[in-house]
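S.K.: Sequence:
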Amino acid sequence: MTSLFGKREPLDKGSLAEKIIVALDVDNEEDAYELVRHLSPPINYFKVGLKLFVSCGPRILTGLKKFGVRIFLDLKFHDIPNTVASTAEAVVRHGVDMFNIHLSGGRDMIVRTVEAVENVSHKLGVSPPLIVGVTVLTSFSEKMLREEAGVERNLEQHVIHLAQMARESGLNGIVASPREASMIRQNIGNDFVVVTPGVRPLWAVSGDQQRILTPRRAIEDGADYLVIGRPIIEHPSPREAAEKILDEIIG
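Under this note's numbering, the residue at position 148 of the sequence shown is numbered 156, and the numbers go up by one with no gaps.
The hints are simulated quantities; they were obtained by calculation from the structure and are not laboratory data. Just so we're clear, the structure is a prediction, and the values are computed from it rather than from any experiment. Treat the hints with caution; some may be incorrect.
As the list claims (entries may be wrong) - With beta-carbon atoms standing in for the labels, derived distance ranges: (1) G178 x G71: 29 to 39 Å; (2) N36 x G103: 26 to 36 Å; (3) H130 x D255: 39 to 49 Å; (4) S129 x H86: 13 to 23 Å.
From the three backbone atoms N, C-alpha and C, an ideal C-beta is built for every residue, glycine too.
Go ahead and model the full structure; you've got the sequences and the hints to work with.
M.R.: Structure follows, in structure tokens:
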């Protein structure tokens, strides 16, 4: 499988499985741990979002770490710079591998968060987590961005603007729709992490997502990680669903 940017993507399931982050969008620890037991290996990256974190608190992060898996903390921090930066310090202490912030919080918020993470990671003697910036939620359409958010740029221009600010401010990457992945690669480069929610296999329904692509197309267009929730966790057999997705990518 060759991407639009000349990279040869490996075709083995093990390598492809590393690109999938399963969203643990459940409301209790037991269900989250059961999903991890079913899926790992080959899936080894899991997302903790608002629903699970609010239901269980930080102990869910400690519990998941006992399985030896990687954690993407998806709380989309967006507040005044001091609040986000100090919160990010607490995130580092929980040992997550990646977390996100809203880019609409502004450049100062981003820079101070990056500095705080680097400082506390150095003090603790640990590798800093990846910090990725949320561009435009995949539930947003161009019409909603213009009429409800009041953004005058078209959606693609706005995503590129935010992605450039993220890079200039020291972030490791961004969260964006898979439909913008190739455009981000063309404008920002290949050494920038692109995390794509809004990924739906051919056999799954789109739900409330507006800007979606199939897993195979998202990877071909330059996505580093695919965040997939409902098609896997709501399937009668999550393990079977994950295997079907890997087969679909390989083609």
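S.K.: Hint by hint, say whether it matches the structure.
M.R.: Against the structure, the hints:
1. Take G178 and G71: their Cβ atoms lie about 31 Å apart, and the range 29 to 39 Å holds.
2. Range check, N36 to G103: about 21 Å between beta-carbon atoms, so the 26 to 36 Å window is missed.
3. The beta-carbon spacing between H130 and D255, approximately 43 Å, falls within the hinted interval of 39 to 49 Å.
4. Checked against the hint of 13 to 23 Å, the pair S129 and H86 passes, with Cβ atoms roughly 22 Å apart.
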